[in-house]
Structures are given as structure tokens and as C-alpha cells.
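S.K.: Using the supplied hints, reconstruct the complex from the two chains, each of which is provided in its own coordinate frame.
These protein sequence lines map, in sequence, to chains C and Y.
By the count of my numbering, the first sequence reaches residue 184 at its end, each step adding exactly one.
By the count of my numbering, the second sequence reaches residue 456 at its end, each step adding exactly one.
No lab work stands behind these hints: they were computed from the structure.
Model, not experiment: these values are computed from the prediction.
For each residue, glycine too, the CB sits at the ideal point set by N, CA and C.
One should not assume that every hint holds.
What the hints assert, rightly or not - Lysine to aspartate or glutamate pairs mimicking EDC-like chemistry, simulated, CA-CA at most 20 angstroms apart:
1) Lys124/C / Glu18/Y
2) Lys170/C / Asp7/Y
3) Lys11/Y / Glu116/C
4) Lys26/Y / Glu57/C
5) Lys9/C / Glu28/Y
6) Lys26/Y / Asp46/C
7) Lys13/C / Glu28/Y
8) Lys26/Y / Glu17/C
Claimed, not checked - Among chain C residues calculated to face chain Y with C-beta under 8 angstroms, some are:
9) Leu48
10) Phe56
11) Glu65
12) Val111
13) Lys166
This is what each chain is made of:
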Amino acid sequence: MENLQEILKGCLKNNREKQSELYQMFASKMYGVCLRYAANSHDAQDILQDGFVKVFENLNKYRGEGSFEGWMKRIFVNLALDKYRSKITHLSVDEMENGADVATDSEASAVDSISEKEIMALIKQLPDQYRLVFNLYVMEGHSHHEIAEILNIGISTSRSNLARAKMILKDKIDYQTKWIEKAI
Amino acid sequence: MNQFESDIRKKLSGFEAEPPQDMWSKIESRLDNKPTLWVVYRRRVMAAAAVLLIVLSGSLLLITGIGTDPVQLTQESTAPSDQPVPDATPPTSIPGPYDQPHEITIEAGSSITDQHSSTLLAQEVKPEATIAAEPSEKVMFVSENRILASIPGLSATVDQQVNRHSIATWQPVFEQSIATITEESSLTLASVAETNIPGAFSFSAYFAPQQAYRYHLGNMINPVQGLESEILTFSSGILAAYKINNRWQIESGIGYNRLGQQVNDIASFSHPSMMPLYTSNGTPISEHPQSMSTSMGGIVFTDQSFYFADVSSARIITLKGSYDESIVNLLNKTGMGLVQYFEYLEIPVNARYKILDRGLTVHTTTGIALNYLLTGDVYLAGKTQATPIGKSVGINTLNFSGSAGIAFSYPVADRVRVSLEPRARVFLNSMGPVRNLTRETYPYTFSVFMGLSYDL
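In isolation and in its complexed conformation, chain Y is listed as follows (with noise of 0.2 angstroms):
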């Protein structure tokens, strides 16, 4: 800059003028016939509150709607239809659960099978004098299932809300290219702390649909590729960020994470009256006598009402002698197939970077997580309920996860925003190689983050 310009800028830089007397009465007079910030805010509000009404509900539906309902019976029997059966119960049919039914074929007098395998059932429950099905009599198996599958249905409310106040309509006055234009201001550092609206600090809570999967490392890939698969669950959660400078937060807080799979190629079987399957000479046994393994650790099943048994892999493990014979061949198929959850508590620390701030604001999103084991149920799950009938062992207590996702915020209100983030979460160490199948499974995610936040 010459001193020309340098002279021109002096003497311009404090230049006022005194506007028209009438301009605040013409300014004024435009504010009233404008709606107040409510009446311009009132419907994101409502759509954000809406938003927020179904998450809460979504996630007090999942928490307690799982592990309470009794398992209903299916009387599709492996039992002959023409045997009489004691003590059953009536008929209660389950709602079809199965995306693509697996066809097991029971020949009269031999053992449970498929085309591929024999089963154990042939070897522990002496299937022939048990399960005399007529021939080429057809047992439907659960193949897949899908648990959760409505929680899909928040995310498209989400996305509807950012579509409609796309950042099209938002003044250039927020551009980013104008954001170093030099401040002339009178005010001092200390007034612009003092108008410190909003502050650094900001809370949020988040709702989090995700699709768990996980990856194996190791030379045991193959028995269980094509039998395991992933499920859908969520995770949610309340953080407090600090506003480092105008690009940089960082954030950390105190989540719920549930992470699992699915189980396929298992069938389940239950006593129709509930009874306890298992007993020797009359007297019943402290603990269920299976267990079995998964790339997920072991399961030790504990409900003794079940038994289960492979359809064509060899992963169930039963005690031999450790079950009454007089009573086997009333066993029902439940029809519902296993589930393996793992809850965890999480504790993330994020770091974010805003990227671009025209209204709508988008950061990056980068951060790791420890994560506590709570719980390692698994359970007999339908289409509409489930039952909890053991727990996942070999697991590690403690596991880190790292993420990375990229946020879009949007205000709603006053100091209030309501966002959405596609995020990848991974864990960065193995869950526990103790009783896996594979050496190493580190299970991933995929989620689409919602949540509302306010500024202090």
C-alpha cells in the first residue's frame, strides 16, 4: 500500500455520517411487519423437538424392549405330526422372520442334515428315535433375520429437515471469502469477550442408527464367513465441546454403544412346556450343557429351556449324557436365530474442524474412544422380541475404538442446532482372541449421528 492509499485510508477509516432522522422509524416498520424469531423458528423447532422425541423413544424402546418377553413356541415340530405329544402347549405361531428361509431336509429315520454336512443332532440326540419325520418333510430354519429394522425410518426425518432449509437460502453476508475483511472497530478485545454470544462451551445429546459389522485378521477366516452377519443397532449419548478457536473443537462425553451380530445356521429347540430341557435321572443339572463358538467369543448358553444345534457347521458343543432322552423328542422349534450383543459404555473424545460455516455448518470429525464392556448377552431373537439365553465370553473388558465422520449442523433456534453425521467407527483392538474362531475380529461401524445442541 502507497501513501496515497495509506492517506486516503486514514483519513476514511473513522468516517461517520449521520443517516436520515426517519430511517429508524422506516426500519422499525419493516421489524413489524416481520413474523418474531418464533414464529420464523417455530416450525425447525417443532421438527427438531419431534426429532428428538423419537430418538428418546427409540432409544428407551431398544434399551428396555429387548430380554422381556417371554419366547413364543412355533408347533412346527421336528416331532412327527403324527406322535403324540405330551404336555404341549397350544399352538402359538410365530410371524415369519425369515428373509431368505435355508431348507433343511429331515429324512424319516436319519439324521437332521443339508446338502453340505452333517449335524450333531444326528450324534448327541439320537435324532432317529427322536425326530421320525415323514420323508422329505421340510423344517424351515432361520437364515437371516433382521432385528431393529424400523430404526432406519428417523434418519430420512433428519434429512428432510436439512434438505428444506438448504444452505441456497441463506445471505452471502456469511460468506466465508468476506470473513478477513479488517475490523475498523471502536470496540476493544475486552468488548468483543464481553459479547461473548454464544461462549465456548456447547452440550449435545446424539442418537446413532448403526450398522454393526466387524473384520477378521488371522488364518481362520473361513469357518465363519457366510455364517455370522451384521445387525443393526445404535448408539447414543450426551457431550460437552469447547470451542478452541473458530475452527478447532474438541469434544468428549459419555455414550451407550451397542455393538453385535447375528448368529446364522444355528437351530433352536425348546421343551413346549418350558420346562428344563436337560436333567439326569430325574435331577437337574446346574448348567446348560452347550456352549459354542463365534468369531465374537464363545457363547455359554444359560437358559436351559433351549437347545440348540449347527445346521452345517460343527460349532455347538454339548456335554454327552448331560441330557434326559425320554424327553427329546418333544422339542419345538422356536424358529428365531441368535443374537450376540455387546453394550458398551463409551467414553469419545472428539476433535472437530470446521470446514465450512454459510448457515449450515459442516466440521470434520475425528476422535478415539474407550469403551467398557456392560453386558454380553446373547439372545433367541424373532422378528418382534427376543429372550436373552446366555452370554459372550473370551470378550475384552476394554477396548479403544477411533472414528471419523463429517457433521452438518444446522440452527433451529436461538443457540440451538440440530445435526447430522455420517460417521465410521472402528475398533483398534482385537475384542478378544480367547475363544474366537478367528485369531483377531475388530468390529466397525457405520452411523448416521443425530442430535441437537446448545450453545452456553
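So here's chain C without its partners, still in its complex pose (with noise of 0.2 angstroms):
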């Protein structure tokens, strides 16, 4: 494939066939970040849909800091946000105060027993402010500072959303992998 710099220079100058050259090396990627963020596959391709339109759009104010497919990955990101965003709460989970870490290292090997297409299941079952926090803090590395300030939540909320999130998730595994078992 060609050089990812002269797919670039041909997307600046609006050539269909580089934009379409640039689409086929990154939507696999592009998509599977959409479907961590996003509740179905709908919202999914509406965020990568919208996604590669404004990555063409504003490709010119990519000043080549930091990798390209990092700045691409930020804009799916923002946008999976945005269509979120006004779902998320303000209010902290009460029950999860403190964020209580529910997942210990010894109940955390059941992940490694499912494929990672059924954990994308599971975390799109997730509330999607759940959802949202446990990307931003698993998936990207963010802090719950970090977290509050991006959601515009607080920081308790986003622990206890984090701990809500990794319970659930846990629960899921745990039954999944049990039926697993079972079924062998």
C-alpha cells in the first residue's frame, strides 16, 4: 500500500481515490473504536460515518504532532462523546460510592476465556455513561480527573461509574464463562 504520506497529500488536494485509499487502512480500526463507545451498531456507523467525513474535512489541520492515526482516533473518539454527552448524569451513583474495586486478580482470569468479540458485547449492554467512563479510564488511560472534566461529571461519579461498569461487566463474564463450562 501506498505510503500513508502521499495518501495524505493526495486527501488534501480532494483526490476520491487517496480519501478512499485512507478509509480502507483505517476503518477496521476506526469501527472497532466506534463499537467500544457506541450503545449498537447503528450508532456505531453513524459515528464512523460522520467520523471520515470530518476527518477529510479538517485533514488540513492535522500538523503532524503526534501519530495520525492517534489525531484520527480522537475525532471518532469526541464524536462517540458528543452523541452521548447529553445522556450522561450529573448525579453520582450512590451505591458505588468511593469506586470499591470489585474486580481482584484472582476473579480477572475469566476474561481471558472469552473472545473479545463477546466483551464488546458485554460493554455495549453497559449504561452508556458506564460505558463511556470505563473506555475513557480502561481503554485510553485517562484518569477519573481527567474523566470528570472531559464528561463534565464529577470525580466520585466517575469512580463509581467506573466500579458500576467493571461489576457489571464481571457479573456478565463470570456467567458467561460458567455456561461455557457447562456447555463443554
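M.R.: Rendered as C-alpha cells:
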């Protein structure tokens, strides 16, 4: 495949062939990102479509600072956050105050026994706010302080959302693992 | 991050999924409906081109338009109206450039005087014989004028451009808060470098209208208070910048910087036929017999067509016996004022620190510059014209200046940015105390840098 720099130059000139090449190069990765943040496939496809249009429209603003893939990913993540931002509640979840950690090292081994697609399916089932916090914390590596700023929620809310998300995921993963074991 | 989180992250970090087959065609159809980059940026590019055109035209006009026009003389002479004026040129009026006219009363048979002090004209030019004005005849003198008053219009143009494209219109995808998202890129650092769009270098050109002031240190400040005033000048130049990292940038280049001040309270006169005024027994003298002191060095007059007199202060020095009394009564008041200009070749070194990048980029700028004095011409200036009549002396050839500002830049096309930067500059060393009325004079300016930059 032609190197990225040539493709980007072509995209800057609105060359449709180069735009298609860029899409082919990153579509799968970005769709994976969209699926992680979206509640369903339909939303993920909307984000993917909006994201690529935005990438092509704003390509001239990419200044070569950091990887191009990272720059693209930020666009998709932000679009996903925008899509669900309005659904975010500012109330803290009182049941999980202080973000009690529900998953211990011994309990975590169940993750290895299920596929990534199954985990993705479980993440999709999380409430919007939990899913966003979980992605930002676990996948993107943000701190609770940063997540609180990004989503405009409290730090304690971020902690409790994460704890709840992990608890839900763990329960579902455990259940799925036991079901698989029984089936075997 | 505990084991559970770590396992999830490890499991999903490389997750990819095949989008629907028709996804590209949907995206393509949306792109087809989008205007091209040229259509999107056409107005901005044209606006930027217009700004550049104005900047270049202004620079050219200001650089070449001064000092070339002959001075027109007024017939509002200090000579009495009923006295014949031999060799007088036809009356030529000068548009009144005076914001606040300073009235001076000339009594018949007396020296030129105002309410506060005597003038040297009485001592040097024998006004009893030469200026036999009618009782209470009033002569208007330049008090304050404003040169280059049309320049500020430029800044308004750029302001409108910047406001039109408010940062509020930009998508949050560029928000700084997301900048630290962990990148799971499969691209190596080498491929990042390969995708170097744009590069670390950029070039820019700027034009900066500026208000030139000066402050004084020392014990002799009072003599010039109110007798000199700031003027509107400009600077321009080209710069090359190197981006050190995401935040820091250094730049250097070469520029032209004009400083100066208006010298008030000086009356200027000219012989109506433009012949040299000063002769001794019919023999032209080799040098102009007058000089004066200002807070920015001394002025040595060179054009013998003009003669100068203090109004209320005593700054003009005239060599006795250096004039031909027979033609003193032919003097015409020009109604124009003295302006000192100091033109510097400027070599700046600036550091820029990016504090905001959301479409509209904001940098803080600080730097120092070496200023090499090119000329120190003194002009007799009216509202629309000026002519060189002398030189400033006692000024340092080399000076250092410091500057600080805040720069706003905005992309108007691929790699092209338009910028607007309010900036303050101050000389770090005195202009030269040799013949100054004050011991130390430090010019400073408030500028608005308007420029275009291109990223390589």
C-alpha cells in the first residue's frame, strides 16, 4: 500500500481515490473504536460515517504532531462522546461510593476465556455513562480527574461509574464463562 | 489499573471490525455534496490576500511616500499684510493639520511671544523691523498633528476576519483535554515522522502599525514634558520559525522598524522663493546655522530654505550673524511641524509558547531584538506631506529591545495562517544621552502585528 504521506497529500487535494485508500487503511480500526463507545451497531456506523467525513474536512488541520492514527482516533472518540454526552447524568451513583473495586486479580482470569467479540458485546450492554467512563479509563488511560473534565461530571461519579461498569462486566463474564464450561 | 482492567485492555486494544460494505459509498456521497476546500476557504483566502495587499501597499506608501514632496508654503505670513513681499510665490494653502491650534499673539513692534515666555526670534531676528504685524494679529501654529493617521483602518479588517471565524464554530475534536488520549497506533514513530504534514519550519511576513512612545529617566524630564508627543509609525518584516515541540517555537528574521516622535512648540518659516535663507554678504554659508535638542538626541538642520523658532521653550540654537537681515521679512510661516523618525534594521529572536490550539491558535510571544540605526531623518511634516530638513544626531547606532505579546492565528487555507498579535516593545538601552534633554530616553511601542504564515 502506498505510504501514508502520499495518501494524505492526495486527500488534501480532495483526490477521491486517495480518500478511499485512507478509508480502507483505517476503517476497521476506527469501526472497532466506534463499536466500543456506541450502544449499538447503528450508532457505531453513524459515528464512523461522521468521523470520516470530519477527518477529510479537517485534514488540513493535522499538523504532524503525534501519529495520524491517534489524531483520527481522537476525532472518532470525541464524536462518540458527543453522541452520548446529553445522556450523561450528573448525579453520583450512591451505591458504589468511593468506587469500590469489585474485580480482584483472581477474578480477572475469566476474561481470557471469552473472545474479544463477546467482551465487546458485553460492553455494549453497559449503560451509556458507564460505557463511556469505562472506555476512557480502561482503554484510553485517562484518570478520573480527566474523565470528570471531559464528561463534565464529578470525580466521585466517574469512580462509581467505573466500579459499576466493572462489576456488571465481571458478573456477565463470570456468567458467560460458567455457561461455556457447562456446555463443554 | 488492576488485572481485570489490564486483561480487558489487552484483549480489546487491537480490536477491529469490518464496517458494512456500503459505508464508503455513504461517506463518498456526503463528500460529493461537500464543497471543495477551495470553496470552503475561498473567502478566507481572498480576505487574507486583501489584507496582504493592504499591508504591502501600506508599507510601500509609507516607505516611499515620505520626504519626496516639496513643501508647500502658506501665505499666512508673519509679514504684515500691507507690506509688499518681493518674489513672493502665489499663495498656496495648506490644509489645516492642527488638532489643537496653539495661538500665539504677535503684537506690533514686539517679538513673537505667548503668554508664558519670550522667544528667541526676538533676540535673533530683530522682529521689530521684520514682523510689523497688526495689533493683536493672531498666527496659528502647529500644536499637535497626526501623521499617518490612516493606518489603523488595517487592523479593523483583520479583526473582522478573526471575529467572523470564531472558535465557537470549531468542533470539539480538537479539544485540548483529549490530547493525552492513549494512542494504540500501529504506526511506528518512523511512520509518524514520515507523515510530516506540515513540517517544523514555517515562514511569515508581517506588518505592524504601532504607536511609538518614549519614557525618560534622569533629572531633566520637565523641559520636554508636553513639548514632544508620540506618533503612529509601523514596522514590517519576514520571519522564519522552527517548531521545537508541540508547545514551543522559536523564530527569527529581519525587519524594518520605524520609531520617532513629534517635536511640538517649534515654528517653522521659509523664504517664499525657496532660496537659501542664510547668506553673509551675499555668500551662501556652507551649513545651516541652527540646531536644537530633543529628548531623542539633537537635530542638525540641513535645508537652508527653512528657519526655525521656539514658541514657548528655548531649544533652538542659532549662530549669531549667520543670517541676512534683508530677507528675514520675507519669511513665510509653513504651518508644518517637526517629526523625528528613527529607522532601524531589526533582527529579532522570539520564543513562542502555545497556550491554546482549537482552530484558533494562541501563542504567547517574548523576544529580544538587535536594532541597527539606518537613518535618523527629521521631517517638516504637514497633514499629507513631509520633507526632510535635517538629521538627528547623538543617537546610538545599535540598540537592544525586548518585546512581549500574545498572538492569535487562524488557518485560512492549507498551511496558510493569518495572525494578529498585539505586542509591546521597549528599548533595553537608552537611545543615546549625548545631546538629549534628558539623560536617558527609552522608546517603546504598542503594535498590532498582522501577518500571514506558511507552514513548510
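S.K.: May I ask which of the numbered hints given earlier this structure violates, with the numbers listed in increasing order?
M.R.: Checked against the structure, no hint fails, so every one of them is satisfied.
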